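Protein chains in written order, with the numbering used here: chain L, 1 to 226; chain B, 227 to 531.
If you're looking for bench data, these hints aren't it; they were derived computationally from the structure.
Computed from a predicted model, the values in this text were never measured in an experiment.
A portion of the hints provided could be inaccurate.
What the hints assert, rightly or not - Keeping only pairs whose Cα atoms sit at most 30 Å apart, straight-line, the calculated BS3-like set for lysine-lysine is:
(1) L:Lys74 with L:Lys223
(2) L:Lys74 with L:Lys93
(3) L:Lys123 with L:Lys46
(4) L:Lys130 with L:Lys157
(5) B:Lys229 with L:Lys130
(6) L:Lys123 with B:Lys530
(7) L:Lys89 with B:Lys235
(8) L:Lys74 with B:Lys306
(9) L:Lys5 with B:Lys530
(10) L:Lys157 with L:Lys74
(11) L:Lys46 with B:Lys477
(12) L:Lys123 with L:Lys157
(13) L:Lys89 with B:Lys530
Said to hold, decoys possible - Okay, the calculated beta carbon distance ranges per label pair:
(14) L:Phe186 with B:Ser431: 25 to 33 Å
(15) B:Val504 with L:Thr10: 23 to 31 Å
(16) L:Ser55 with B:Gly522: 53 to 61 Å
(17) B:Gly437 with L:Thr10: 23 to 31 Å
To be verified - In silico negatives: residues of chain L with every beta carbon more than 12 Å from chain B:
(18) Ser6
(19) Thr49
(20) Ser55
(21) Ser71
(22) Gln80
(23) Glu105
(24) Gly108
(25) Gln120
(26) His129
(27) Ser151
(28) His154
Cβ atoms here follow ideal geometry from the backbone N, Cα and C, with glycine treated the same way.
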Amino acid sequence: MIELKSISKTYPPDVVALNNVSAHIEAGEFVSIVGRSGTGKTTLMKIMTAEECPSSGEIVIGGWNITRISSGEKPVLRRQIGVVFQDFKLLPKKTVFENVAFALEVCGVAPDRIRAIVPQVLKIVGLEHKLDRFPRQLSGGEQQRVAIARSLVHAPKILIADEPTGNLDAIHAQEITDLLLKINQFGTTLVLVTHNREVVNRIRKRVITMEHGTIVSDQKTGKYLL
Amino acid sequence: MSKLTRLLKSTFQHFRRNLWLSMVTILIMGFASVSAHVLIGTRVLAASAAQLLTQKVDITVYLTPTSNTAAAEGVATKIKTIPGVASATVESAEEVYAAFQQRYAQESDTVKALKAINVNPFGPVVRVRGNAISDYPTIYAGLSDPAFAPEGVIQRTSFDNNADLLNRFSSMERTIRWSVEGVLAFFLLLSLVVVYNTIRMAIFSQRDEIGIMKLVGASNWFIRLPFLLEAILYSVIAIVVSFGVWMALLKWADPFIVQLMTTSEASILGYYQQNFLVLVTIQVAALALASMASAGLAVGRYLKV
């Protein structure tokens, strides 16, 4: 599903964020990418979502080489990859329903279909009873669930979560972890970028550990090593 | 259809969120449009004034008192062959006499003196009009050719020269036109700068939303287009407002202008009524294209997709 071939990324003048990173992630896998701050986890995530181009190496997603993806092709890729961030990135003036619907609206989905899909997705994340709430009226965990719902509306094959529990307390972090596991059980490939030890150890799935821009460990059923 | 509706909704949303900036942009574009109206008005007035003055320029050929109307007709026929002559009309000696009496009706001494000599001292005249002002020098020179009248038939030739006045008027009109064109260029340039800045501000104020749109896979054009449509919206509103204000002003001022110029040709309102659609279309198209180009520059520079 995701093939990273000797990926390197250098920012001018000479900051090496990634150094010869290679990995293969199978369809339906749950992979945690862990490491301390500044080890290149987020850069790797940005390369997977075509926010950044690698300085060298190749990245292939679902058989599509996106190493030098054009600006016009990026939207097509992003409809196939759901992304969740630590800071939720919700629109404060839109309700829960509108925030999720927004992802479909901007892609030209018909209103009828939006009205059908959004409640279904919000049911998956357990927010079907809070459609009309605004983000400020929700807890951090609920806001993150809205963000996850938004990333799921396109039924992506891959979901990348960048520190999704970073702003949450332990209980909400656990809720989000369970939700990500549930999504993975539906067949979505899940890439979790985190430095939360408890979350990683609780998942008991593949763990890729990064340090100084390189992969130092890749365990099939791993734990947080650092 | 839903795509278009969303694009328009997004465009109006941008407009509303930057309401004050949008208003200022429209105001400045409106000034540019009003400058264009003033320029058009100046041209209409200048054209009608030039026509009026042209009508007042003529060459009068005075024939000797012994010449009869038939001789005058012969001279007129020959004059008509001079290149640039539009008409050559004969006034008989009696008509000239009557016209003189009428002109000096208030001056009894002159009329008495004329009656005292008991004879018509005037000969017939031929009034010559050219096709254009520029033809008169050639016609005037051509009249000195003896071929146009037998010896002793033409007493004198008078060139009632309003051309100087016309030249002075043209020069004044040119100065006014250049000034208005300068003002128009200034406001147009200012409009483009303001549109650029307004779109830039709109992009900055909506960067979170734009980020999310990119994140969820909105097409590049879906992100960019509302900003370009916003620039068109500014142009359309500015033109509508400027036409409204200008037409209201003309409705009030036009009767005075027509009265002053003594010709309905000077009616700017009439000109606008006749060419309304063309004028609106040209102004909207010109302003929309210019502002879209400006918005396009801002989008290209500040909206990375």
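Against the structure, the hints:
1. L:Lys74 with L:Lys223: Roughly 34 Å separates the two Cα atoms, so the pair is violated.
2. L:Lys74 with L:Lys93: Roughly 27 Å between the alpha carbons, so the hint for Lys74 (chain L) and Lys93 (chain L) holds.
3. L:Lys123 with L:Lys46: Holds, because 29 Å separates the two Cα atoms, which is no more than 30 Å.
4. L:Lys130 with L:Lys157: 26 Å, holds
5. B:Lys229 with L:Lys130: Judged against 30 Å, a Cα distance of about 27 Å means the pair holds.
6. L:Lys123 with B:Lys530: 35 Å, violated
7. L:Lys89 with B:Lys235: Holds. Lys89 (chain L) to Lys235 (chain B) sits at ~22 Å (cutoff 30 Å).
8. L:Lys74 with B:Lys306: Violated, at about 78 Å.
9. L:Lys5 with B:Lys530: 27 Å, holds
10. L:Lys157 with L:Lys74: This hinted pair holds, its Cα atoms lying about 16 Å apart.
11. L:Lys46 with B:Lys477: 63 Å, violated
12. L:Lys123 with L:Lys157: Holds, because 19 Å separates the two Cα atoms, which is no more than 30 Å.
13. L:Lys89 with B:Lys530: At roughly 18 Å apart (the allowed maximum being 30 Å), Lys530 (chain B) and Lys89 (chain L) satisfy the hint.
14. L:Phe186 with B:Ser431: 25 to 33 Å: Since the Cβ atoms of Phe186 (chain L) and Ser431 (chain B) sit about 38 Å apart, the hinted range of 25 to 33 Å is violated.
15. B:Val504 with L:Thr10: 23 to 31 Å: 59 Å, violated
16. L:Ser55 with B:Gly522: 53 to 61 Å: Hint violated: Cβ distance 31 Å, outside 53 to 61 Å.
17. B:Gly437 with L:Thr10: 23 to 31 Å: Given range 23 to 31 Å: holds, Cβ gap about 25 Å.
18. Ser6: 27 Å, holds
19. Thr49: 8 Å, violated
20. Ser55: Given a closest Cβ separation of 19 Å, the condition holds.
21. Ser71: 6 Å, violated
22. Gln80: 8 Å, violated
23. Glu105: 6 Å, violated
24. Gly108: 5 Å, violated
25. Gln120: Nearest chain B Cβ is 17 Å from Gln120 (chain L), so the label holds.
26. His129: Holds: least Cβ distance 24 Å, greater than 12 Å.
27. Ser151: Ser151 (chain L) is in fact no farther than 12 Å from some Cβ atom of chain B, at 8 Å.
28. His154: 7 Å, violated
Hints 1, 6, 8, 11, 14, 15, 16, 19, 21, 22, 23, 24, 27 and 28, counting from the list given before, are not met by this structure.
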